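If you're matching them up, the sequences are chains A and B in order.
The working numbering applies: residue 1026 is where the first sequence begins, and numbers increase by one.
The working numbering applies: residue 869 is where the second sequence begins, and numbers increase by one.
There is no bait here: all hints are sound.
Here are the simulated DMTMM-like pairs of lysine to aspartate or glutamate, each with C-alpha atoms no more than 20 Å apart in a straight line: (1) A/Lys1043 to B/Asp879; (2) B/Lys1481 to B/Asp955; (3) B/Lys1638 to B/Asp1614; (4) A/Lys1112 to B/Glu1071; (5) B/Lys1463 to B/Glu1552; (6) B/Lys1532 to B/Asp1561; (7) A/Lys1119 to B/Asp1087; (8) A/Lys1141 to B/Asp1075.
Since the hints were derived computationally from the structure, they do not count as laboratory data.
Since this is a predicted model, take the numbers as computed values, not measurements.
Read off the chains here:
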Amino acid sequence: MTKVLIVDDTAFMRKLLKNILFGAGFDIAGEAENGTQAVELYKQLKPDIVTMDVVMPEMTGIDALKHIKSFDKDAKIVMCTAIGQEKIVKTAIKLGARGYIIKPFQAPKVIEEIKKVIGQ
Amino acid sequence: MESDMAAYKNDFLQETYECLDVFNQSFVDLENGDGAAIDEIFRITHTIKGMAGFLEYKSLESLCHNMEEILCGIKDGDIDIDGNLVDIMLSTVDRITDMVKQIENEDNDSVEIKDLLEAFEGYKKTNEGSQKILCTENPVDYKTLPSEITPVQSSEDTLLDLESKEENETENTCSLEACNIVLDVTLSDDCVMKDLRATLIIESLKDICIVNKTDPDEDGMGDNFNGHFTAFLSGDVNKVEELMDRNTEIEYFNIDFNEKTGDTTSENNNAIPVSNEKTGEKPTPAECKTNVTIVSDEETREVRTDDIYGMNGASIPPVEQETTTISATCPSNLCETPVSKLLAKIRLLLNKINNHIKGFRSTECGGIPGKKGPDFLNGERQSQEVKLSVKNIVDGPEQEIQSLGAQIPDEKIKSDPKQEIQSLGTQIPDEIIESGPEQEIQSLESLCSEGDAEECRVQELQLLEKNSGDIPKQELQLDEVQHIEEINEESPGQGSELKENPVNTKLKIDSNKPLSNSTTNKLESSGTKIQETIRVKTSNLDSIMNLVGELVINKGRLLQISQEYDLPELDEATGALDKSISSLQDEVMRIRMVKIDRVVSKFPRMVRDLSRKLDKNIDFEIEGQDTELDKTIIDKINDPLVHLVRNAVDHGIESHEERKNAGKSEIGHIKLSARREKNNVIIEIEDDGKGLDLELLKKKAIEKGLFSAFDLENFSDDEVRMLIFTPGFSTKESATEISGRGVGMDAVKTAVANLGGKVRIYSNKGEYTKIRIDLPPTVAIIKSLLVKVGAETYAIPISNVVKALSVDSKDYKLINEKPLIYIGDKIIPVLELKDIFNIQCDKLEKVLAIIVEMENEEVGLIVDSIIDQQEIVIKPLGQIFSNIKGFIGVTILGDGRVIPILDVSVLIRGDIDD
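With the rest of the complex left out, here is chain A (with noise of 0.2 Å):
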């Protein structure tokens, strides 16, 4: 089953993307709040695709995004934007980011991005 990290500060939207994918039939590896957690549970859970919210404190989704893919450049990350984000969203994708999702989350475009992702 696909292991899914699930990164973002807002514990309302974890929990948001937890139900949208669990029930899609995801697992959900982990929960990070922050890019420094991202990263260090990237490294232990090893999930097979992550989504990255972008503004977080301590480190930015694009950082952890960069953290990340130093290691593993195969590492399959989808971005979680918002209008407003395109610009930085676009520098994620240009880093690698494989896709991306839009707030307020879709449950079908959601499922579908990630799914697009992992097909890959």
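Following the hints, complete the assembly by docking chain B onto the known chain A.
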């Protein structure tokens, strides 16, 4: 779904309120020059926006979005931050708070925000520029970053990828003549953030071929990108097509394939086997789609149908013929020749057809590529097994086992996670368990299912130890040994056998696996993974508290019985029960404790706003914000504290001139401190302002007709200071909009008294004012004195009781027809509870006077006798009895009787209803 949304709404409210608290503090930090605060403010705005978006609170979302844009401007240095802007943003925070309250109460966010949006617009206009752009980060090539861990897989695949990537970079600049594919992509209308999707597609194209040029180029795709782009590629057309097929956001795509630059094509053809190996998919004939010329709808569809079957595994003969057709249609330097109108039309037609086919295909294979089916299912089944085998073990170990399984980066595990999970003991590879241990495994498993995890783990270890005897060569790494020691500590007694010589227990699970690493990490990982806190609804806590209360009551009943019947066994049992209930009660109380920070954290913002308004310079300090109080008290102490702090700012601290004239520093100082002292929590609010003017207070009291000059002469200084807590007392000549109509201090005193606390005031004219609040840390369970009046029983909170005296009813002195008694040199008024509550019974000669105290006033309550001192649970009277005065609630005694608890403050004031 309805209840789901309700749950989400609750989460939203909780999280947003937390956010709002941080908000206020961050803004104060920002003004104090803490640059990092802007990031925090931005993050919170963004968080609220995200949640509002999901729950469809449109105006809240839009307000947050606008503020976010301004914050971005500030971060990027496009907008200068000034006091006005901070004011606007603070009003935005207030507006957000209003909205959240509205959402909480009425489930809508219809609050007027136009003014704020306009204010923001003004700031944006003056700083037109890179408004939309969030924080720009310089792209950093991840290859240059230090790699802490070598890639897990370093198969030829990845090496190949790397090479091709480098190739990309070097050839990116080469002329367009090298390109053999022109890819036209139109994104579907419902695709959001088209420029991102386009970038994503281009980036993934870069992985499989060389992207020579895109039109518009990647940087040119901005907000007004219409979703259509052309890419000039050189590489394998099959791969490109495959990639395009996977992208569901693509409405139409068209590939113009030019064979004349066949060199690249043939090179890439060589590469095809690699890709096939990777995906296990047969090459699809790209030619089908490049069938440009005069093909009717039907024919194309037919071919594409074949294509679909081809994708599903059945091979079809490649249609070589049509490839030639296309090369004839498309001239060589295709990328440079302007695309003719005709070609565009055909493209459109083709795309439409393609679209139809797509719809067709999705019905054909149910949307899931066939090759993934079995793998996926298999994976699911395996994980179910995992769950089954793990289910038997109780919580803690389950976590560890799961994380252990999740960590080991080995193909073996992927193929059979069950094996890994049990690798600690039971089904260790054949090489270790040679024969026989199956029985042991079974017994182990049955143990597990009994839920005794600790025992099960000790067994596991014993098993390991046993097995290790067979394989002396393999030894357990130190980490593992440490782990064993830890388990031993967790289960004293059971594991003592192992503990005796853990280091000698040399065993290893699998010499090839890098298990030691993962085991070291294991404990840490479970540390990070398990959340330290959980959110619990207050109502849940309340009901637990209630249940504990019931337990306390029943405990009382048992104690009573054991005393009545004098049964030593019962005595013993109740004694034990008593102990555990007491600890349970303490524990629940502790859970209910909340840091006072929750209340005081918003004060700095409040002081800041007020001092700005009053043009005062005030330094506000908070001490002991970690002090804990019961949640009920925290909720109720908020308003009194707000009032006291406002008072300190408004009435306490003098204006600039006054301070200067008095020779004080221009900056006023207000300090709020909280601390635990014995059984009480003390909160103090101290300012270095003008202090209380006793003469002025007296003058006011006479003016207001509260006391006569004669009365006041007998007042001690303390009593005069306490005048400010008298209802209807205000010394300020004119009430300001901020504080002071004389109702506040009275309300403060009442609120604190209702919580079972006391207010005291210390002051020196011209120097300082200090208000001290003593609060009990909890309220729900109190100690009380049970007294008998006639046939009735009442409870008096022990915190109010000073002493109990035996008095003779003849000792009463009557002044103004009110009975008084002498105690030492004090005259204390007495209250006959019999009279107050109209209890019909004989008046006794000898009675007891329970001296109770409240706010420095003492009263003797006359009762017949004292029954006992007992812990009681306060049960509120509820709505129906809400206007009955004189009781703070009722309690239930062990024998089931409902007993009223006296409200001493009301009795002292004497405003009980007749």
